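Trainee: Listed below, chain by chain, are the residues.
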Amino acid sequence: MQLLIVIASIVLLTLIVIQISKLNELATRLKGEEEAQNDTNRSQGNLLLLFVVAFFTLFIVSGLYYKNYYLGFGPHEAASAHGKDIDWLFWITLVITGIVFFITQFLLFFFAWKFRGRKGHKAQYISHDSKLEIIWTLVPAITMTLLVIGGMDVWNKVMPDVEDPSELVQLEVTGYQFAWDIRYPGPDNELGNKNFRLISSSNPLGQDWTDKRNLDDFHASEIVLPVGKQVRVRITAKDVLHSFYLPQFRVKMDAVPGMPTYFIFTPTKTTEEYRKELSKYPEYQLPSDPEDPNSPPLWQTFNYELACAELCGTGHYSMRRIVKVVSQEEFEKWASEQPSFFMSNVRGTDEDPYKGEYLEMELKQHAKEYKAQLEKAIEAENPDDKIVRLKYVTFETGLAKLSPLSRYELDRVVETLKEYPHMKIEIAGHTDNTGDAEANLKLSQQRAEVVRSYLLEHGIEPERLTAKGYGSSRPQASNETEEGRQENRRTEFKILDL
Amino acid sequence: MATTTQEVSKHPVDLLIEEYGYDDHFHEHEHGGDKYQSGFIQKYIFSQDHKMIARQFLITGMIWGILGGLMSLIFRLQLGFPEESMAWLKPLLGKWIIINDGVGTLDPEFYYALVTIHGTVIVFFVLTAGLSGTFSNLLIPLQVGARDMASPFLNMLSYWFFFLASVVMFFSLFLSTGPFAGGWVAYPPLSALPQASSGSGAGMTLWLISLVFFVVSVLLGGINYITTVLNLRTKGMNMWRLPLTIWSFFITAIIGLLSFPVVAAGFFLLMFDRMLGTSFYLNEIFINGQALDRVGGSPVLYQHLFWFLGHPEVYIIILPAMGIVSEVMSTHARKPIFGYKAMVYSIASIAFLSFLVWAHHMYVAGINPFIANFFIVFTLIIAVPSAIKVFNWITTIYGSSYRFNAASLFAVGFVSMFISGGLTGIFLGNAVLDIPLHDTYFVVAHFHVVMGVAAFFGMFAGIYHWYPKMYGRFLDESLGKLHFWGTLIGAYAVFMPMHYIGMAGVPRRYYKFDSFDAFSQFAGVNKFITIAAIITFVFQLIFVINFFYSIWKGRKMKTRNPWGSTTLEWTTPIHAGHGNWPGKLPAVQRWAYDYSKNGRDFIPQIEPVGEDEKDDFH
Chain A
286 MQLLIVIASI VLLTLIVIQI SKLNELATRL KGEEEAQNDT NRSQGNLLLL
336 FVVAFFTLFI VSGLYYKNYY LGFGPHEAAS AHGKDIDWLF WITLVITGIV
386 FFITQFLLFF FAWKFRGRKG HKAQYISHDS KLEIIWTLVP AITMTLLVIG
436 GMDVWNKVMP DVEDPSELVQ LEVTGYQFAW DIRYPGPDNE LGNKNFRLIS
486 SSNPLGQDWT DKRNLDDFHA SEIVLPVGKQ VRVRITAKDV LHSFYLPQFR
536 VKMDAVPGMP TYFIFTPTKT TEEYRKELSK YPEYQLPSDP EDPNSPPLWQ
586 TFNYELACAE LCGTGHYSMR RIVKVVSQEE FEKWASEQPS FFMSNVRGTD
636 EDPYKGEYLE MELKQHAKEY KAQLEKAIEA ENPDDKIVRL KYVTFETGLA
686 KLSPLSRYEL DRVVETLKEY PHMKIEIAGH TDNTGDAEAN LKLSQQRAEV
736 VRSYLLEHGI EPERLTAKGY GSSRPQASNE TEEGRQENRR TEFKILDL
Chain B
178 MATTTQEVSK HPVDLLIEEY GYDDHFHEHE HGGDKYQSGF IQKYIFSQDH
228 KMIARQFLIT GMIWGILGGL MSLIFRLQLG FPEESMAWLK PLLGKWIIIN
278 DGVGTLDPEF YYALVTIHGT VIVFFVLTAG LSGTFSNLLI PLQVGARDMA
328 SPFLNMLSYW FFFLASVVMF FSLFLSTGPF AGGWVAYPPL SALPQASSGS
378 GAGMTLWLIS LVFFVVSVLL GGINYITTVL NLRTKGMNMW RLPLTIWSFF
428 ITAIIGLLSF PVVAAGFFLL MFDRMLGTSF YLNEIFINGQ ALDRVGGSPV
478 LYQHLFWFLG HPEVYIIILP AMGIVSEVMS THARKPIFGY KAMVYSIASI
528 AFLSFLVWAH HMYVAGINPF IANFFIVFTL IIAVPSAIKV FNWITTIYGS
578 SYRFNAASLF AVGFVSMFIS GGLTGIFLGN AVLDIPLHDT YFVVAHFHVV
628 MGVAAFFGMF AGIYHWYPKM YGRFLDESLG KLHFWGTLIG AYAVFMPMHY
678 IGMAGVPRRY YKFDSFDAFS QFAGVNKFIT IAAIITFVFQ LIFVINFFYS
728 IWKGRKMKTR NPWGSTTLEW TTPIHAGHGN WPGKLPAVQR WAYDYSKNGR
778 DFIPQIEPVG EDEKDDFH
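Chains as they are written, first to last, in our numbering: chain A, 286 to 783; chain B, 178 to 795.
Hints listed in this document are in silico derivations from the structure and should not be mistaken for laboratory results. Since this is a predicted model, take the numbers as computed values, not measurements. Incorrect hints may have been included.
[To be verified] Not the full set, but computed from the structure, chain B residues with beta-carbon under 10 angstroms of chain A: (1) His188; (2) Val190; (3) Tyr221; (4) Phe223; (5) Ala510; (6) Ala549; (7) Asn550; (8) Ser593; (9) Tyr669; (10) Gly679.
Using N, Cα and C, we set each Cβ at its ideal position, and we do this for glycine too.
Produce the complete structure using the sequences and hints provided.
Mentor: As structure tokens, this is what we get:
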């Protein structure tokens, strides 16, 4: 049926076409060829003039109507420092090309109308005019020179050489079919090495864990940036080409597998500030969900976005990530809350090359925890509160034998005792309530003794140390749960005297 | 032989040729008819006559033009009406329309295939083969006064390689994995790895084979055009007497000869990466859960090789259109083209500069930012010769007595399009403005206006102007004008609004925009563009109908030189046989643009310079 309609309309169109042509031929024959051509010249010339007027009118009207689409105008003002320069150059170019556009288009159509063939009118024989030609070579040449200088000036500012990236906010974005992975360098502000051969489901970026700079790197589901700070994005790709495109920041750079690229820019407006600006424009007052008139207006839900701008396959149009620009404090707070990918996903698994040893940052963390407890215990008035728990002293299961990693925590105790030469402590062993209470008491006593002898070996005088096993008599938490039992199996020391 | 000469020699043009012409004894070598033109197959299929080959190029190009246009309508429907059901296209597209609860949606994979094949065939098959192939073949021998191309056999091969390329490309449309869908630029690794996209499997293999055949076609054609222009010019036809059409075809062929082999090399390396396990373009790739073993290449290398052709290619497309427009405009303005030599020099300098600007397509592809500085300079310098050409065309109309018909209207339309599209190039050529505009609809609008629509306008001007030369009949004028107005208004309606959404940052090659806050608000504009595209396409059908109807039923050509043109092609008989001129070859006495000189409407190139005539231009 549809096919029939299509065929019927083509046939109809053909018939109309043939009829028009016959009619016209008849008219020509009636009038005489020259007369008919002059009539045509008049009507077509008039149409061309009419066209240029209508064209300009529509051009200006639509230009005004769509003014909010213009780069660097209204809701499309750049949200980055270099973006302002780009927008400025855009407007200069727009004005220059606009002038040329109106003049040349007008002359083209106006001359066509004015010099249409008509009775008694003859063309002039003008083959060239050197003076005129020199002028219209020089004028565009000079204009282009100005635009080239302006363009290069901005370009080289946008693409600076960076000697020391550590001063900048850094992040890495990796494109793949069809999403982006975002990685921040963490506290050391250095991105660790990657190797595409290491990519696996537990290591999506192929980070090389033997590179210690990787250990504090964290992954994020959104790009978060501090306002007013220079940002350096390292752009990479896993599979095919992608392009890192942040429309509001005037940022675009291809992501190339095997060749990192970079873009440096400074966001100048926070997401909140940008939303506030958008609220001035009626098109952003519309409900964000067109189906639901009560949904919040578009400007309230607006987000900066990361899009892909290089065709990368079927899902190219769906590679979206939200970009948030926040104040410096908010950014720092956010960054400090992000867990390192290594620590939360890799540490202790088979892929962890540091399994069985403490990392420097862990030791620092342990020392910090120990110090906090110690300070609190020293300050405490109540003798029962003068307890420091030795969280990282562990024993082999069921035995009174120290695990090798316990020495770090015990060395801290040695250090404390050397710092406070008059300090006397009681070393206490505790267990949970599983098994025989008698045996537990014995084991805890033995374990406390083992710790005591470690301290003695490290030069602490015996009279300052007592060791006591409490078995399961002093639980700190419920013995009903595994977490509680774990909490109850512990080694502590109590400050008896300072 | 003797009878024909007597019969035609009544015509004053033949008398001139008889008196001043050059006898190359061409017809003396014939014994018992033309051995190249006997029989249906030699005459219409494996023809070695440049006029027939021109028509073959044109009609093949037109078929691809219709297919390419239809493809664009399908993906425009997706962009303009993403919510509408496309179930009605199921009979045509089959499994590429996915039907859920009675609502048909276009498979995104096929959307990208349509975008890709649309670009490929319009750029290469329609605007390279269909435009330069058609008119170089038709006009070079006729306008330089040659019997045929330097090698008619290679010329025939050139068409048949193009035909082969067409067949392979057409076949790829029906693969179950779909045609290639990675964009007409075919950037690896997407195009190199079958696991990256289903179109990158067999579809890409066929795409590459097709385009390699196409490169062969261009090279065979190009070497012929150059040789013919250099060696087969008739007596008196020195280079400064060539019409601008010939200059533009000649220089286009040179550009093609220098740039197409480079992209062919690029294509071969891509084939090696695909088939032989090399890694020219592959480095550190992890795809489909596996790390690829091949490392050490660079995807950016392909982009350099591709754009080393890719940019000259846009001039391969637009220069012939410029030549055609210059010739058509001057003829119908009844006035010499203004600044003939400046026109030649600007074509030549555009051609030269076209080799120094390729990386302006790659400003944000990861090239060294320092290198971009050179490309900014050369890219913006190209605006100068382009501007000169525009000013020259406008000045050609100034003081003319312009005769309006479909051909000359399209010539005016060409200049308008070239201005509009050329000016937006000044934005994109400036690297820093390319950062926000690159790969947005602003680019789409720019190149469609300046090398798509403008080149089509040049092509239409040429077809309406030389149709009588090709078929001995005229295209219908009223329909031609209808076609012109529909196309002029339609093309602006399609592409002007794209500039607006492009400036707003909307990226090209998106299947839909609804997931982005920044791109989802332009549904109205997209709808408008789609409707305008459909209407504009209908106007092209009017042209197609006119074209085929007029071959058999068009108004017959009764005089040899209907436009009052000075150039040699109009001195042949209305139905010129193989060899073009029945007797001697015409000898050229003056340049090609003596219109309205000394009170005469026009003076043909074969007429000697009179005693009292001041021949200020040769």
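Trainee: For each hint, tell me whether it holds in the structure or not.
Mentor: Going down the list of hints, with the structure as the test:
Violation of the interface hint for His188/B is found here, the shortest Cβ-Cβ separation to chain A being roughly 20 angstroms, above the 10 angstroms cut-off. Against a cut-off of 10 angstroms between C-beta atoms, the interface hint on Val190/B is violated, since the closest Cβ of chain A lies about 20 angstroms away. With a least beta-carbon distance of about 24 angstroms to chain A, the hint placing Tyr221/B at the interface is violated under the 10 angstroms criterion. The beta carbon of Phe223/B is not positioned within 10 angstroms of any beta carbon in chain A (closest approach about 32 angstroms), and the interface hint is therefore violated.
Restraint check, Ala510/B versus chain A: the minimum CB separation of about 6 angstroms is within 10 angstroms; hint holds. Interface restraint check: Ala549/B against chain A, minimum CB-CB distance 6 angstroms, threshold 10 angstroms, status holds. For Asn550/B, the suggested interface contact is upheld, since its CB lies about 6 angstroms from the closest CB of chain A, less than 10 angstroms. The interface hint given for Ser593/B holds, since its Cβ lies 6 angstroms from the closest Cβ of chain A, which is under the 10 angstroms cut-off.
A cut of 10 angstroms between beta carbons decides the hint on Tyr669/B: the least distance to chain A is about 7 angstroms, and the hint holds. The restraint placing Gly679/B at the interface with chain A holds, with a minimum CB-CB distance near 9 angstroms, inside the 10 angstroms limit.
The structure shown violates the earlier hints numbered 1, 2, 3 and 4.
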